[in-house]
Amino acid sequence: MLHVILFILKLLGILILILLGLIILAVLLVLFVPVRYRGQGSYFEKVKGNMKISWLLHILSVSVRYEEEVVIAVRLFGFRIMRPKKMDDELKEAKEIMVQAMEIKEPETIKEARQLGQDVKKTVQGEPLSREPVQKEIRQTEQTEHISWLQNFYNKIKKKLIHILEKIKYLYRKFCDTLNNMKEKKDEIQAFLSNSENQKTAKLLYRQMKRLIRHIFPVKGHGNVTFGFDDPALTGQALMAASVLYPFFHKYWNLYPVFDESVFNAEGTFRGRIRLGTVLIIVIRMLLDKNFRVLLKRWLR
Numbered sequence: 001m002l003h004v005i006l007f008i009l010k011l012l013g014i015l016i017l018i019l020l021g022l023i024i025l026a027v028l029l030v031l032f033v034p035v036r037y038r039g040q041g042s043y044f045e046k047v048k049g050n051m052k053i054s055w056l057l058h059i060l061s062v063s064v065r066y067e068e069e070v071v072i073a074v075r076l077f078g079f080r081i082m083r084p085k086k087m088d089d090e091l092k093e094a095k096e097i098m099v100q101a102m103e104i105k106e107p108e109t110i111k112e113a114r115q116l117g118q119d120v121k122k123t124v125q126g127e128p129l130s131r132e133p134v135q136k137e138i139r140q141t142e143q144t145e146h147i148s149w150l151q152n153f154y155n156k157i158k159k160k161l162i163h164i165l166e167k168i169k170y171l172y173r174k175f176c177d178t179l180n181n182m183k184e185k186k187d188e189i190q191a192f193l194s195n196s197e198n199q200k201t202a203k204l205l206y207r208q209m210k211r212l213i214r215h216i217f218p219v220k221g222h223g224n225v226t227f228g229f230d231d232p233a234l235t236g237q238a239l240m241a242a243s244v245l246y247p248f249f250h251k252y253w254n255l256y257p258v259f260d261e262s263v264f265n266a267e268g269t270f271r272g273r274i275r276l277g278t279v280l281i282i283v284i285r286m287l288l289d290k291n292f293r294v295l296l297k298r299w300l301r
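Using our numbering, you'd call the opening residue of the sequence shown number 1 and step up by one each time.
If you are wondering where the hints come from, they were derived from the structure by calculation, not from laboratory data.
Small disclaimer: the values here were computed from a predicted structure and weren't measured.
The beta carbon of each residue, even a glycine, is placed where N, CA and C say it ideally should be.
Hints should not be assumed to be uniformly reliable.
Quick list of the computed label-pair ranges, beta carbon to beta carbon [stated by the list, open to error]:
| no. | residue 1 | residue 2 | range |
| --- | --- | --- | --- |
| 1 | Ile168 | Lys251 | 44 to 52 angstroms |
| 2 | Phe259 | Lys167 | 42 to 50 angstroms |
| 3 | Ile282 | Met182 | 30 to 38 angstroms |
| 4 | Ile282 | Gly49 | 23 to 31 angstroms |
| 5 | Arg80 | His3 | 49 to 57 angstroms |
| 6 | Val30 | Met182 | 46 to 54 angstroms |
| 7 | Met182 | Glu261 | 48 to 56 angstroms |
| 8 | Arg301 | Ile189 | 15 to 23 angstroms |
The task is simple: from the sequences and hints, build the whole structure.
If you want it as structure tokens, here you go:
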């Protein structure tokens, strides 16, 4: 009997160890296996593009394609688990639902007046002398309907104008309050910036944000941009403005200015990866800073 109990306990221990091993393996996969993305796009009078996101040897993948409409497809182990969604169709369905929900029904009083006119017309057929009172009643009904519509329109315009005036008044008061509080804010900002602990936290935040941006941005990419204006001087000014940033991305993008016509074409590809573990390490590094936690709590309040 004791041997049976020990065997069962041993078996349970092995199962628990296997389960823990699978959990640890899953956590490690999520943290250290990168999510890879790649895509391409172009603009030649129309915008076209596609992007694919995959994880763990394409076990899970999401593809997005845009060409006049957005199409999304999700695959697991190569099998499609979601049929491609056309965003335009969903927008059309939502629009139809909104139109049906917001459909303005004709007032019952107007319906009754019109029905009365129709009934009277039917009853007086063949009696031309009795048509004048009926036509007079119909004209009065139409005048009442027109006056009611004008009153509703006037009320809507009045409410809209009152709302705009109140908004302007609120913005003016807010602007005045901002001006009045600028001196107090100035002293607080100067005190915040002069604090040595805040300066250390700001430097740490700058380094970590730089590391995060460098990690999530594409590691490979290439593109071509052709642009120009009818005025050569304007093209030269645009090229001068682009030359300020061009040293930072000259390895990935080529610029082709055109000085004799108005044109803009672009095409490019990109590829990158994101590791959740790296992002988590950056977040933990910031949370370990005591001063950052204090500032974060103060900001969340």
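When you take the CB atoms of Ile168 and Lys251, is the distance between them in 44 to 52 angstroms? Holds: the Cβ-Cβ distance is about 50 angstroms, inside 44 to 52 angstroms.
Within 30 to 38 angstroms: is that where the Cβ-Cβ distance between Ile282 and Met182 falls? Once the Cβ atoms are compared, 35 angstroms apart, the range 30 to 38 angstroms for Met182 and Ile282 holds.
C-beta pair Arg80, His3: status relative to the range 49 to 57 angstroms that was hinted: holds, 52 angstroms
Cβ separation of Met182 and Glu261, checked against the hinted range 48 to 56 angstroms: holds, 49 angstroms
Looking only at beta-carbon atoms, does the pair Phe259, Lys167 fall within the given range of 42 to 50 angstroms? Holds, since Phe259 and Lys167 (Cβ atoms, about 46 angstroms apart) stay within the stated range.
Quick check on a hinted range of 15 to 23 angstroms for Arg301 and Ile189, using CB atoms only. holds, 18 angstroms
Between Ile282 and Gly49, does the C-beta distance stay in 23 to 31 angstroms? At 29 angstroms between Cβs, range holds.
Could you say whether the range 46 to 54 angstroms given as a hint is met by the Cβ separation of Val30 and Met182? holds, 48 angstroms
In the structure shown, no violation is registered for any of the earlier numbered hints.
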